[in-house]
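> Sequence:
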Amino acid sequence: MSSSINFKNILVVGVGLIGGSIIRALKESSFSGGVYGIDSDKKAVTSAYDLGFIRNKDTNIPKDLDDLLVIFSVPVLSIQEAVSQINIMINTKNVIYTDTLSVKSSILNTLKALDKTVLKRFVLSHPIAGSEQSGFKASSATLFKEKLSIICPHEDNSEQDVSKIEDFWKALGSYTKKLSANDHDELFGKTSHMPHVIAYALMDSLYQDLGEKTFLYSGGSLEDYTRIASSDPIMWKDIMVSNDKSILSSIESFKRSLDELSELIGTNNATGLIEFFSTVKNARDKSISGKED
Numbered sequence: 003m004s005s006s007i008n009f010k011n012i013l014v015v016g017v018g019l020i021g022g023s024i025i026r027a028l029k030e031s032s033f034s035g036g037v038y039g040i041d042s043d044k045k046a047v048t049s050a051y052d053l054g055f056i057r058n059k060d061t062n063i064p065k066d067l068d069d070l071l072v073i074f075s076v077p078v079l080s081i082q083e084a085v086s087q088i089n090i091m092i093n094t095k096n097v098i099y100t101d102t103l104s105v106k107s108s109i110l111n112t113l114k115a116l117d118k119t120v121l122k123r124f125v126l127s128h129p130i131a132g133s134e135q136s137g138f139k140a141s142s143a144t145l146f147k148e149k150l151s152i153i154c155p156h157e158d159n160s161e162q163d164v165s166k167i168e169d170f171w172k173a174l175g176s177y178t179k180k181l182s183a184n185d186h187d188e189l190f191g192k193t194s195h196m197p198h199v200i201a202y203a204l205m206d207s208l209y210q211d212l213g214e215k216t217f218l219y220s221g222g223s224l225e226d227y228t229r230i231a232s233s234d235p236i237m238w239k240d241i242m243v244s245n246d247k248s249i250l251s252s253i254e255s256f257k258r259s260l261d262e263l264s265e266l267i268g269t270n271n272a273t274g275l276i277e278f279f280s281t282v283k284n285a286r287d288k289s290i291s292g293k294e295d
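Its first residue numbered 3, the sequence shown is counted upward by one per residue in this note's numbering.
By construction, these hints were calculated from the structure, which means they are not laboratory data.
Take every hint as true, because none was put in to throw you off.
Lysine to aspartate or glutamate pairs mimicking EDC-like chemistry, simulated, CA-CA at most 16 Å apart:
(1) LYS139 - ASP43
(2) LYS180 - GLU157
(3) LYS180 - ASP169
(4) LYS122 - GLU157
(5) LYS10 - ASP66
(6) LYS139 - ASP234
(7) LYS180 - ASP163
(8) LYS29 - ASP52
(9) LYS118 - GLU157
(10) LYS149 - ASP169
(11) LYS44 - ASP60
(12) LYS10 - ASP163
(13) LYS122 - ASP163
(14) LYS95 - ASP163
(15) LYS114 - GLU83
(16) LYS293 - GLU148
(17) LYS122 - ASP158
(18) LYS139 - ASP52
Using the sequences provided together with the hints, build the complete structure.
The structure is reproduced here in structure tokens:
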């Protein structure tokens, strides 16, 4: 791990898949400071403590933690309550905040309604890593290795705080890129949130038509394609509600492509189908090749 973690203490709020993976990765890193974790699921906290990942065995943490990083890994719509509760528990004089959440503009608007000091010290971030599984039991110390972490600085952030958050994710094995909150939500509404919409909708239509026979005669490709439809419903409800404009725009764009394909199939337009498939194949191949370069 090439970068160093420039904090003495780290508090992870939400010890599920992502938060749990952070504390596991910290255990395997060179970080020698204090690691703490809290969660509404007391069993997750107990498990993390018993495994030696965190110093607290319950929700009580020292109030005077110095040089503290607080990482919020909670459902998007829970961020305001989580920040308010944490600030009662800690000394806020020497703290930097970040998050792991999939929507940024709504969080930024929420922070603007809170204390100005919190807004200034809150550097938005989003590790592009995860699984359809959820909970601490699904967490992994290697989840962030060679994965992209997006940093979304805003006008009230200092360059020093932003650099500290970049270094933190690099120390866990990630590489980082910066986006504005709006650009983040527009991009991930199309490339992450929309695929989940499609997976959920596909599973819904298949199950209505086939019921328990949906996977009985299917190959592995259907299971692979619909894997993300097994993701946490609460988390994805919050994401859909919080990034609705980008997602709805993506749905309309998808409908147009689906309508075009439906027309080609309905008219037995073999030439048109080949052109459609070839264009899409070439676009995907070129895009993937560019990513690998």
